[in-house]
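So the chains spell out like this:
2 protein chains.
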Amino acid sequence: MRYKLTISYDGTNYNGFQSQPKGKTIAGEINKALTKIHKKEIKVTASGRTDSKVHALGQVVHFDSFIDIPENRFLKAINNLLPLDIRALEIKRVPADFHARYDARKKTYLYIISPTYDVFLRNYQTYFKYPLDLELMTQATKKFIGTHDFAGFSSYTKSKQTTKTIYNADLIQKDDKIIITFTGDGFLKYMVRRMVGTIISIATKKKPLTVIEEIFATRDSSLCGKTASPNGLYLQAVFY
Amino acid sequence: MRYKLTISYDGTNYNGFQSQPKGKTIAGEINKALTKIHKKEIKVTASGRTDSKVHALGQVVHFDSFIDIPENRFLKAINNLLPLDIRALEIKRVPADFHARYDARKKTYLYIISPTYDVFLRNYQTYFKYPLDLELMTQATKKFIGTHDFAGFSSYTKSKQTTKTIYNADLIQKDDKIIITFTGDGFLKYMVRRMVGTIISIATKKKPLTVIEEIFATRDSSLCGKTASPNGLYLQAVFY
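Listed in order, the protein sequences are those of chains F and B.
Using numbering that gives the first Met the number 0, you'd call the opening residue of the first sequence number 0 and step up by one each time.
Using numbering that gives the first Met the number 0, you'd call the opening residue of the second sequence number 0 and step up by one each time.
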């Protein structure tokens, strides 16, 4: 039986989602918990990886299991074995051909920027102390909507499909924070962090608004703003 | 010259404020930063200690220095050398007889309890999943107001002055969280955590409201509720 598991995690103390040569990973902890429950090795397949220190509000993985107990009991058993910075939010039996990565239609990422350094939120938002032009910042955010070649916004490898569609890009203010969300059909490595870094470089007037189109056209990542730090980034949801 | 330094810290990764046989301490990090600036050993004196994992929004320390630069520059220099989970909020020159501990008139502690487990706030609030009777909980909180012998609410040692005055005790709800604040002329070791633990045991109806007066009268700490965990506790402010 195949299960779809939705998880939330605080990425602060992990070396990313998956298979790093050293350090703890989120997948490693989930595999460990599931392997313990099944008394045989279980490996999850995720919708995609998240980088070191990136968080998730709703990452999705799938795995195969012979366990046939009510879903709420299965969820509890998993949470009892997971560390407290990784929580299983939901488990659901899915058809045997469900695939967490291939079937993902859309993903939403959000990024939190704060002008105030908060000792308690230092791992959960990106502190940016220089003035940001919110009007320009919103315009820059909206420029990403549509189908574009994002090679310049990622650590590009030739073999990868770098054309992606961003369905929605929003910038909202909440208290003194700025929250940027992107919903798209797929995201390349470092893509959101380079998009946000470029948006910031436009909002501080270091780069013109037109740089985004220029990066789409030239695929030249050296034109991007400084890659935004991982601690402000959250994989919010995966849609199937 | 004597300086009064107000600091905020995330206690999660520290073995308390001061002089533990092993592990990093908050005082240790501040002393290290000041020693580096002065190129001679500097040791701060705090308003009081906080336990391992307890946070501070406004702890106060004093130290003596030969440095005579504008306060904002001094503050910046200190923050440049402190780890990112300890921040100096304010520095002020004070009379040479100012003493962070002896001159403290009042302190406010706050304690945050949440009925929802939040992976990102797990170190910053206490998760409590059982129902709490808020009416009883408020009554219990208010019982602490006044001058009482708090020996039973602390890890009592005979030599200590255990009579303390609580000027104010409040319980408020914010979103789904419960925030309890106490302002008093002094707090003994574990005192707030045992007060909160006892309030919780009353709010879950494990203990009667009268247990608080009974602990004042008998000084018997075995009557207290389970000592509340340190991660929900903040030293909010010290008043001089």
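Simulated from the structure, these hints should not be mistaken for lab results.
Just so you know, not all the hints are guaranteed correct.
No distinction is drawn between identical chains; accordingly, a pair holds when it is met within one copy or between any pair of copies.
Below, simulated DSS-like cross-link-like pairs (lysine-lysine); rule was C-alpha separation at most 27 Å, straight line [said to hold, decoys possible]:
{"hint": "1", "residue 1": "LYS204", "residue 2": "LYS35"}
{"hint": "2", "residue 1": "LYS75", "residue 2": "LYS205"}
{"hint": "3", "residue 1": "LYS38", "residue 2": "LYS159"}
{"hint": "4", "residue 1": "LYS23", "residue 2": "LYS52"}
{"hint": "5", "residue 1": "LYS141", "residue 2": "LYS105"}
{"hint": "6", "residue 1": "LYS91", "residue 2": "LYS176"}
{"hint": "7", "residue 1": "LYS188", "residue 2": "LYS21"}
{"hint": "8", "residue 1": "LYS21", "residue 2": "LYS159"}
{"hint": "9", "residue 1": "LYS91", "residue 2": "LYS128"}
{"hint": "10", "residue 1": "LYS75", "residue 2": "LYS225"}
Hints, verified against the model:
no.	hint	in the structure
1	LYS204 - LYS35	neither (53 Å within a copy, 37 Å between copies)
2	LYS75 - LYS205	between (50 Å within a copy, 26 Å between copies)
3	LYS38 - LYS159	neither (37 Å within a copy, 54 Å between copies)
4	LYS23 - LYS52	both (11 Å within a copy, 23 Å between copies)
5	LYS141 - LYS105	within (18 Å within a copy, 51 Å between copies)
6	LYS91 - LYS176	neither (35 Å within a copy, 30 Å between copies)
7	LYS188 - LYS21	within (19 Å within a copy, 40 Å between copies)
8	LYS21 - LYS159	within (26 Å within a copy, 50 Å between copies)
9	LYS91 - LYS128	between (43 Å within a copy, 24 Å between copies)
10	LYS75 - LYS225	between (41 Å within a copy, 25 Å between copies)
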